[in-house]
Amino acid sequence: MTWVAVLAAAVGCYLLKLAGLSVPERVLDRPAVRSVSVALPVALLAALTAVQTFGGADGLTVDARLAGVAAGVVALVLRAPFLVVVAVAAVTAAGLRALGLG
Amino acid sequence: MTEPDTGQRRRRAVLRDALGVGVATGAYGLSFGAIGVAGGLTVVQTCATSVLIFTGASQFALVGVLAVGGSPVSAAVTAVLLGARNALYGLRLSSLLGLSGWRRVAGAQLVIDESTAMTLAHEDDPRARRLAFWATGLAVFGLWNLATLVGALAGQALGDPQALGLDAAVPAAFLALLWPRLTTRPARLVAVAAMGVALLLVPVAPAGVPVMASALVAVAAGLLWRDALTDPPRGAT
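Chains A and B, in that order, are what the protein sequence lines are. With numbering that gives the first Met the number 0, the residue at position 10 of the first sequence is 9, and numbering never jumps. With numbering that gives the first Met the number 0, the residue at position 176 of the second sequence is 175, and numbering never jumps.
Here chain A stands alone, though its shape is the one from the complex (with noise of 0.2 Å):
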């Protein structure tokens, strides 16, 4: 099932590149559709990131991911690169683990 959400996610991403390249300018620029698309990735990854964080089995739970993100955010307003800013943020949730916590 996964082959699915792989190959299906990979034609689809692909079309969006290809249309944008081929279809007259006229057709997407418009400031609604440049407004919506700019706002679709904020919006997704603001989701994503409130729900792997907080998303359990059943419900929500604040676990040792709350303070690896929690860490997160502090090297991102260190601005830290990409990379750090996700290693703190396993080390940060790994950490207290090993001590018991979360």
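Hints are computed from structural coordinates only; laboratory data are not their basis. All residues carry an ideal CB built from backbone N, CA and C; glycine is no exception. There's no promise every hint is true.
To spell it out: a stretch of chain A is covered by chain B in this simulated footprint if at least three of its residues, at any positions, have a beta carbon under 8 Å from a beta carbon of chain B; those stretches are [said to hold, decoys possible]:
#1 2-9
#2 12-22
#3 25-39
#4 42-50
#5 58-69
#6 72-85
#7 92-100
Assemble the complex: chain A is given as a structure, and chain B must be docked to it using the hints.
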């Protein structure tokens, strides 16, 4: 740009920048590889994702939705929605690059944040911008896929994703992708509203649906703030 010397120097500068962008993006690829395997994909599936989808945020989303038990359909829909911005990049690039035939078919896969940003940075010169597009696209493609493989093999060798905190690395990766997009007040409001909608739906809706539903926040905000929500950010995958 009439003197050959200047052209030569610019060519070298474009190639150097393209390689730099490729190396920087490779760092995302390492974490994608590790997170893909931690999310339940095989090494082959993780690598296929990078080759075939080749747009970072969509790939992270696909793995993220599958990892929490979302259906393949909701995973693919979320990934494709996140890839929608590439259509607008293509729109911007088509007049600058003038691609046709096989060049358009092949070049389309390379239409991503980084290649678009580099092409626009060299907009003034036709040869430089074409070189910027292809050099950046191919450098990122090569290094992104290599890094994915290395990250996936490392993730597989390291073992238990929870003990390693990889389940915290996933939301941190999404947040790091989101961060550079939060430069305007409307964008920040969209982010907060989307988080609220998704979290309210988590206890009641099937996995994958809360994230898709947050797209409605984007549609509403996009129609409401046509002028305030503009200019896709540069450099984020």
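Against the structure, the hints:
1. 2-9: With 8 residues closer than 8 Å to chain B, the stretch 2-9 of chain A meets the three-residue bar; holds.
2. 12-22: Since three or more residues must qualify, the claim that chain B covers the stretch 12-22 of chain A holds, with 10 doing so at under 8 Å.
3. 25-39: Holds: 12 residues of the stretch 25-39 of chain A have a Cβ under 8 Å from chain B.
4. 42-50: Held - the stretch 42-50 of chain A has 9 residues with a Cβ nearer than 8 Å to chain B, which meets the minimum of three.
5. 58-69: Held - the stretch 58-69 of chain A has 7 residues with a Cβ nearer than 8 Å to chain B, which meets the minimum of three.
6. 72-85: Check passed, 7 qualifying residues.
7. 92-100: holds (count 5)
Consistency note: the structure conflicts with none of the earlier hints.
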